[in-house]
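Undergrad: Just need the whole structure built from these sequences, with the hints factored in.
Top line first, the protein sequences correspond to chains L and V. The opening position of the first sequence corresponds to residue 1 in the numbering used here, with each subsequent residue numbered one higher. The opening position of the second sequence corresponds to residue 1001 in the numbering used here, with each subsequent residue numbered one higher.
Bear in mind the hints are in silico, worked out from the structure with no lab data behind them. Since this is a predicted model, take the numbers as computed values, not measurements. Accuracy of the hints is not assured; some may be wrong.
Each computed DSS-like pair below joins lysine-lysine, with the alpha-carbon atoms no more than 30 Å apart [as the list claims (entries may be wrong)]:
#1 K74(L) with K1234(V)
#2 K1292(V) with K35(L)
#3 K30(L) with K1234(V)
#4 K174(L) with K1207(V)
#5 K1074(V) with K256(L)
#6 K1030(V) with K1162(V)
#7 K1030(V) with K68(L)
#8 K1174(V) with K1299(V)
#9 K75(L) with K1030(V)
#10 K234(L) with K12(L)
#11 K1207(V) with K1012(V)
#12 K234(L) with K298(L)
#13 K174(L) with K1162(V)
#14 K1074(V) with K74(L)
#15 K1078(V) with K74(L)
#16 K174(L) with K1149(V)
#17 K149(L) with K35(L)
#18 K78(L) with K1051(V)
#19 K1075(V) with K78(L)
#20 K292(L) with K162(L)
#21 K1174(V) with K35(L)
#22 K75(L) with K1075(V)
#23 K1074(V) with K174(L)
#24 K298(L) with K1035(V)
#25 K1149(V) with K1035(V)
#26 K51(L) with K1234(V)
#27 K1074(V) with K1149(V)
#28 K1004(V) with K1207(V)
#29 K78(L) with K1078(V)
Listed below are several chain V residues computed to face chain L (Cβ distance under 7 Å; list not exhaustive) [what the hints assert, rightly or not]:
#30 I1173
#31 N1230
#32 Q1233
#33 L1249
#34 V1250
#35 A1253
#36 L1259
#37 I1265
#38 E1266
#39 M1270
#40 L1272
Here a beta-carbon is modelled for each residue, glycine too, at the ideal position from N, C-alpha and C.
There are 2 protein chains.
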Amino acid sequence: MITKEQVTQGYKQIQDEICAGLEQADGTGKFVEEKWEREGGGGGRTRILQKGSIIEKGGVNFSAVHGKLPDPIKKAFKVTSDDFFATGLSLVIHPNHPFVPIIHMNIRYFEMPASDQQSEPIRWFGGGIDLTPHYVIADDARFFHQQLKNACDLYNPDFYPKFKTWADDYFYIKHRQETRGIGGIFYDRLTPLTAGVGWEQIFEFSKAVGRSFLPVYTELISRNKTRPFNEEQKQWQFIRRSRYVEFNLVYDAGTKFGLETNGRIESILMSLPPQANWHYDYTAQANSEEEKTLALLKKGINWI
Amino acid sequence: MITKEQVTQGYKQIQDEICAGLEQADGTGKFVEEKWEREGGGGGRTRILQKGSIIEKGGVNFSAVHGKLPDPIKKAFKVTSDDFFATGLSLVIHPNHPFVPIIHMNIRYFEMPASDQQSEPIRWFGGGIDLTPHYVIADDARFFHQQLKNACDLYNPDFYPKFKTWADDYFYIKHRQETRGIGGIFYDRLTPLTAGVGWEQIFEFSKAVGRSFLPVYTELISRNKTRPFNEEQKQWQFIRRSRYVEFNLVYDAGTKFGLETNGRIESILMSLPPQANWHYDYTAQANSEEEKTLALLKKGINWI
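TA: Right under this line is the structure:
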């Protein structure tokens, strides 16, 4: 049986691997770590890299917290018990370069005792990884989705199509009628019943999602980091980042959960970009690369 | 008895006065108008000034819409009838200069038939004006609040203290434990019963709030527009603007209402700044002007 300690240790190790790999890919930037403790129980390791050669602002945050669930969350989770344990690894990278995409990855595990104390605890895994290119590059999008499909297929051939659709629906900016980017995979409340595989396999899948990030993103960095760009493309990057802000502050469940439960604000909002611009009623020029990107920010595109 | 047409005409005229006055104060910037129509009924005049000498991005928007209320709004308003009429004038100004404050003003009127069709319609006025200085300057804050108090006192001496407290509570960024700025006045559902004065007086008060904006803001512009500033102060302005984004996207009721009812997105989000920056865990230096400002972003400060 998978234990909290195993998940905690597994996620911590992936955090270490990712931070080491990103520092290497960046070349000059270094992560700065802040260890923090939560008043109600547990804590985390927030690691932030700012003003690197590739990464303008990136966070790779681990946390493992426990305690009593606030009432609104109990209601939202439809559970009666108070005690909870939650551990997760979350990252968001905002690169300097407009042709290097923004990326987000999260893996998480939640556990609480059953109401009757006799039964098995209530537990589930959740997570996902999604890409937000400032300019959608079809080859990169195909590569990204193919790598995710490969990771999924090792565990259950139903995972990729199901979790890909879930990501399209989740990473959607309703008021703009745009997806946040080209999606990826998203899943929640994964249990043997919903996953069709056992806990050990679900845990292995969760770690595989976490470990899929580094090779995929470093490949996308090396493909694009030396491409020339101009001031207009940089402005477009700032506009795309403002959509990222809109999604995270208006819709993102993790951000809302964090703000409502008095989470550690700077760790939660590390996902926001170093600079974002709002132009009134920006319209992309006909047949421009910007317009082509907008046309691809739709649900239901099969990239593979 | 006040009619919809009177309120509509009154607010439109104030929009004209404000736009003319702001163009004069700016010197070079001109408002660009877009007239729009709402599918369900009514429409508006969105006026935006970008890249002026003083105003980097400002919007002064009038709308008068009518139609059927969506169910979630009926529930929120605790009303049974479907038909509604709403008119309002809203403005947000983001200046170039870090010593010129951000300002917001809104006046609005809402009306719907009574459930039994026989009684008087259900109606109320709402509105407010609040100031968000990047650097809080005590003299300016006093002046701002004194002018609002003067406008209020002509109608009811209870208005200013009541509406000042309401603004402190409303313009509050809970997750930062900061007020958005130095507040001002905020009121909603004003009727003879809640206001202690008749409908004509409430309408006059609503217009007085609208007309208080121009002399107050042009005074604050001329006091501060020639003050020298450096790159650090400009960065601080971008950080303060990111808090403005956080308030508007996470808490502002008007923004939420607009996004949920499929309002005209560009008119709703004109309130967002041209550029905002998020630094991870920014800390103001001890005894700096930035730290002094943070210490004044609290509820309950009596500026007069």
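Undergrad: Each of the hints needs a verdict: does it hold here or not?
TA: Evaluated hints:
| no. | hint | in the structure |
| --- | --- | --- |
| 1 | K74(L) with K1234(V) | violated (44 Å) |
| 2 | K1292(V) with K35(L) | holds (28 Å) |
| 3 | K30(L) with K1234(V) | holds (26 Å) |
| 4 | K174(L) with K1207(V) | violated (35 Å) |
| 5 | K1074(V) with K256(L) | holds (25 Å) |
| 6 | K1030(V) with K1162(V) | violated (37 Å) |
| 7 | K1030(V) with K68(L) | violated (56 Å) |
| 8 | K1174(V) with K1299(V) | holds (11 Å) |
| 9 | K75(L) with K1030(V) | violated (51 Å) |
| 10 | K234(L) with K12(L) | violated (35 Å) |
| 11 | K1207(V) with K1012(V) | holds (11 Å) |
| 12 | K234(L) with K298(L) | holds (23 Å) |
| 13 | K174(L) with K1162(V) | violated (37 Å) |
| 14 | K1074(V) with K74(L) | holds (27 Å) |
| 15 | K1078(V) with K74(L) | holds (27 Å) |
| 16 | K174(L) with K1149(V) | violated (41 Å) |
| 17 | K149(L) with K35(L) | violated (34 Å) |
| 18 | K78(L) with K1051(V) | violated (50 Å) |
| 19 | K1075(V) with K78(L) | holds (23 Å) |
| 20 | K292(L) with K162(L) | holds (27 Å) |
| 21 | K1174(V) with K35(L) | holds (24 Å) |
| 22 | K75(L) with K1075(V) | holds (20 Å) |
| 23 | K1074(V) with K174(L) | holds (21 Å) |
| 24 | K298(L) with K1035(V) | holds (29 Å) |
| 25 | K1149(V) with K1035(V) | violated (34 Å) |
| 26 | K51(L) with K1234(V) | holds (19 Å) |
| 27 | K1074(V) with K1149(V) | violated (34 Å) |
| 28 | K1004(V) with K1207(V) | holds (14 Å) |
| 29 | K78(L) with K1078(V) | holds (27 Å) |
| 30 | I1173 | violated (10 Å) |
| 31 | N1230 | violated (18 Å) |
| 32 | Q1233 | violated (17 Å) |
| 33 | L1249 | holds (4 Å) |
| 34 | V1250 | holds (5 Å) |
| 35 | A1253 | violated (14 Å) |
| 36 | L1259 | holds (5 Å) |
| 37 | I1265 | holds (5 Å) |
| 38 | E1266 | holds (4 Å) |
| 39 | M1270 | holds (6 Å) |
| 40 | L1272 | holds (4 Å) |
Of the numbered hints listed earlier, those contradicted by the structure are 1, 4, 6, 7, 9, 10, 13, 16, 17, 18, 25, 27, 30, 31, 32, 35.
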